[in-house]
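J.: The lines below spell out each chain.
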Amino acid sequence: MAVETGTVDSSVQHAEGMPQLDVSTFPNQIFWLVVTLVVIYLILSRIAIPRIREILAERSRTIEQDIETAASVRAKAVECEQAYEAALDKARSRAREIVAEARAGIAGELETATEDADRRIAAKLAESEERIGEIRADALRSIEMVATDVADDIVRAVMPSIHDSGAVRAAVAARIADTGGA
Amino acid sequence: MAAESGSNGFNIHPMDQFLVRPLLGKTDIGVFTPTNVTLWMGLTVLVIIALMVLAPRRRAMVPGRMQSIAEVLYGFVYKMVEDIAGREGLRYFPYILTIFMFVLVANVLGLLPMSFTTTSHIAVTATMALVIFLAVTILGFVKNGARFLGLFWISSAPLVLRPILAIIEIISYFVRPVSHSIRLAGNMMAGHAVIKVFAGFAGVLGIGSIAPVVAIMAVYGLESLVVCIQAYVFTILTCVYLNDALHPQH
Chain A
6 MAVETGTVDS SVQHAEGMPQ LDVSTFPNQI FWLVVTLVVI YLILSRIAIP
56 RIREILAERS RTIEQDIETA ASVRAKAVEC EQAYEAALDK ARSRAREIVA
106 EARAGIAGEL ETATEDADRR IAAKLAESEE RIGEIRADAL RSIEMVATDV
156 ADDIVRAVMP SIHDSGAVRA AVAARIADTG GA
Chain B
47 MAAESGSNGF NIHPMDQFLV RPLLGKTDIG VFTPTNVTLW MGLTVLVIIA
97 LMVLAPRRRA MVPGRMQSIA EVLYGFVYKM VEDIAGREGL RYFPYILTIF
147 MFVLVANVLG LLPMSFTTTS HIAVTATMAL VIFLAVTILG FVKNGARFLG
197 LFWISSAPLV LRPILAIIEI ISYFVRPVSH SIRLAGNMMA GHAVIKVFAG
247 FAGVLGIGSI APVVAIMAVY GLESLVVCIQ AYVFTILTCV YLNDALHPQH
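Protein chains in written order, with the numbering used here: chain A, 6 to 187; chain B, 47 to 296.
A few of these clues could be false.
Across the chosen pairs, the derived CB separations fall in these ranges [said to hold, decoys possible]:
#, chain 1, residue 1, chain 2, residue 2, range
1, B, Val188, A, Leu26, 17 to 25 angstroms
2, B, Gly121, A, Cys85, 37 to 45 angstroms
3, A, Leu47, B, Leu271, 27 to 35 angstroms
4, B, Leu85, A, Leu26, 20 to 28 angstroms
5, A, Leu61, B, Leu271, 24 to 32 angstroms
6, A, Leu47, B, Phe220, 30 to 38 angstroms
7, A, Leu61, B, Leu211, 23 to 31 angstroms
8, B, Gly88, A, Ser50, 17 to 25 angstroms
9, B, Ser114, A, Cys85, 35 to 43 angstroms
10, B, Pro80, A, Ser65, 41 to 49 angstroms
11, B, Ser201, A, Ser65, 39 to 47 angstroms
12, B, Gly132, A, Val43, 23 to 31 angstroms
13, B, Arg103, A, Cys85, 21 to 29 angstroms
Note that these hints are calculated values from the structure, not bench results. Here the structure is a predicted model, which means the values were calculated and not measured. Cβ atoms here follow ideal geometry from the backbone N, Cα and C, with glycine treated the same way.
Make the full structure from the sequences, and use the hints.
T.: Following this line, the structure appears as structure tokens:
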């Protein structure tokens, strides 16, 4: 049913009724529609969609990478800080060690020096005691000799009859032994 | 409505803009005749190439304005398909994007003064709606076999109601392509015809034509919105039908 019946005016063609219902133009419209849709589909699916998808994928990849880089840099910074802290701790403990060592060394030296001094004092003491003992023994011997001589002389002068040098010496020795060595 | 105005002196022809005319002098229109349909569909293709192919050609990491538009359109349709038809629906994303881009760009181009709106023709929208209807129905049976009929058998309803609901569901299923196509063509035609009628008033009212001019501006603003919304609606319905085919269980 051709609603449109050519021209009313001589120059301009006017629509009568709805041109949308003019079935005679349908095959033409449908043909061009199909051509258009196929062309658009090919353009979009072959070129546009892969291109835009690539752009979006690359963008999200870049953003992800940037975030990753930031995270790794931060991790590195934390690592550096930890390493620094560790180094500081190590240095501190090393210093403490050195101080302790030095202190221990000084104490040891002091001890050995004290020991040495003690030993030397003890040696000197022992030597001195020995000499004192010797001197005392000498003195005792001299006393005994003098006492024996004196006693012998006295006995000889008083009672020459019973004078016996051996007996006198023994008596003096006994007497001295009796009174003790001191 | 336009038939009577053509004969008397009241010189408004709001439907003239919808006439399919041959581009070259010939008067009869065959299947392959280049017409204004060819011209405006060709321009639609060119705009889509410029927007979706040329704009992102530099693959900028930080997109410029045009590349942003391409990315936003891509992301918008991609998310729509994913949200409505699920991950399985993403296989059909290129087809949905094709439909969306065609309808959107054809609609927007139709808003240019003196232009021809290809999507205002029922032949165009009905062809698309029928192809979508057939494709989705076949896909439903191929993917689900007889289980696809479960779409009409609402298992959550009481048993008594199910046959009645099934009849209603079947009717509504077959009405889909009709509503799908007439919604788009009707919206496009009505808005453009109204603008044209106001323009006709403006031509005869002299100084008083300020009123129709203001009205045209208002309707044009509304139409700018309607044009995008109808492209969105057409596409989202396609996604819904696709989802029914992929997941017939309610």
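J.: Which hints, by number, does the structure contradict?
T.: 1, 7 and 13
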